[in-house]
Amino acid sequence: METQGSDRRIGLSMLFGVLGLLGAGVMLAASLTEQQVASGWGFAVAMLAGTLLIVALQVYD
Numbered sequence: 776m777e778t779q780g781s782d783r784r785i786g787l788s789m790l791f792g793v794l795g796l797l798g799a800g801v802m803l804a805a806s807l808t809e810q811q812v813a814s815g816w817g818f819a820v821a822m823l824a825g826t827l828l829i830v831a832l833q834v835y836d
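FYI, in my numbering the residues of the sequence shown are 776 to 836.
Since the hints were derived computationally from the structure, they do not count as laboratory data. All values derive from a computational prediction rather than experimental measurement. Please note: incorrect hints may appear among the correct ones.
Quick list of the computed label-pair ranges, beta carbon to beta carbon [to be verified]:
(1) 807 - 781: 27 to 33 angstroms
(2) 803 - 826: 36 to 42 angstroms
(3) 781 - 818: 21 to 27 angstroms
(4) 782 - 807: 16 to 22 angstroms
(5) 803 - 835: 17 to 23 angstroms
(6) 784 - 806: 28 to 34 angstroms
(7) 807 - 834: 35 to 41 angstroms
(8) 784 - 819: 20 to 26 angstroms
(9) 784 - 822: 16 to 22 angstroms
(10) 818 - 789: 18 to 24 angstroms
(11) 797 - 832: 15 to 21 angstroms
(12) 806 - 782: 21 to 27 angstroms
(13) 811 - 784: 18 to 24 angstroms
(14) 829 - 781: 17 to 23 angstroms
All residues carry an ideal CB built from backbone N, CA and C; glycine is no exception.
Take the sequences, apply the hints, and build the full model.
Following this line, the structure appears as structure tokens:
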């Protein structure tokens with residue numbers, strides 16, 4: 776029995792989803808300790824991961 780498709784779509788989506796959640800967590804933790812630069816980097820990671828998640832879903836459709 777051969778596989779007809781790839782699970783790359785699901786795997787990459789999960790990877791970028793977890794990365795986005797980690798970025799949001801960094802943003803939250805940094806904002807609670809009033810570290811604006813770290814909070815900005817957390818936001819950037821979360822947004823980039825979200826964008827890559829959507830791209831992965833579209834490319835491997």
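Results of checking the hints against the structure:
no., hint, result
1, 807 - 781: 27 to 33 angstroms, "40 angstroms, violated"
2, 803 - 826: 36 to 42 angstroms, "20 angstroms, violated"
3, 781 - 818: 21 to 27 angstroms, "32 angstroms, violated"
4, 782 - 807: 16 to 22 angstroms, "37 angstroms, violated"
5, 803 - 835: 17 to 23 angstroms, "30 angstroms, violated"
6, 784 - 806: 28 to 34 angstroms, "33 angstroms, holds"
7, 807 - 834: 35 to 41 angstroms, "36 angstroms, holds"
8, 784 - 819: 20 to 26 angstroms, "25 angstroms, holds"
9, 784 - 822: 16 to 22 angstroms, "21 angstroms, holds"
10, 818 - 789: 18 to 24 angstroms, "21 angstroms, holds"
11, 797 - 832: 15 to 21 angstroms, "19 angstroms, holds"
12, 806 - 782: 21 to 27 angstroms, "36 angstroms, violated"
13, 811 - 784: 18 to 24 angstroms, "36 angstroms, violated"
14, 829 - 781: 17 to 23 angstroms, "18 angstroms, holds"
Taken one by one, the earlier hints fail for this structure at numbers 1, 2, 3, 4, 5, 12, 13, listed in ascending order.
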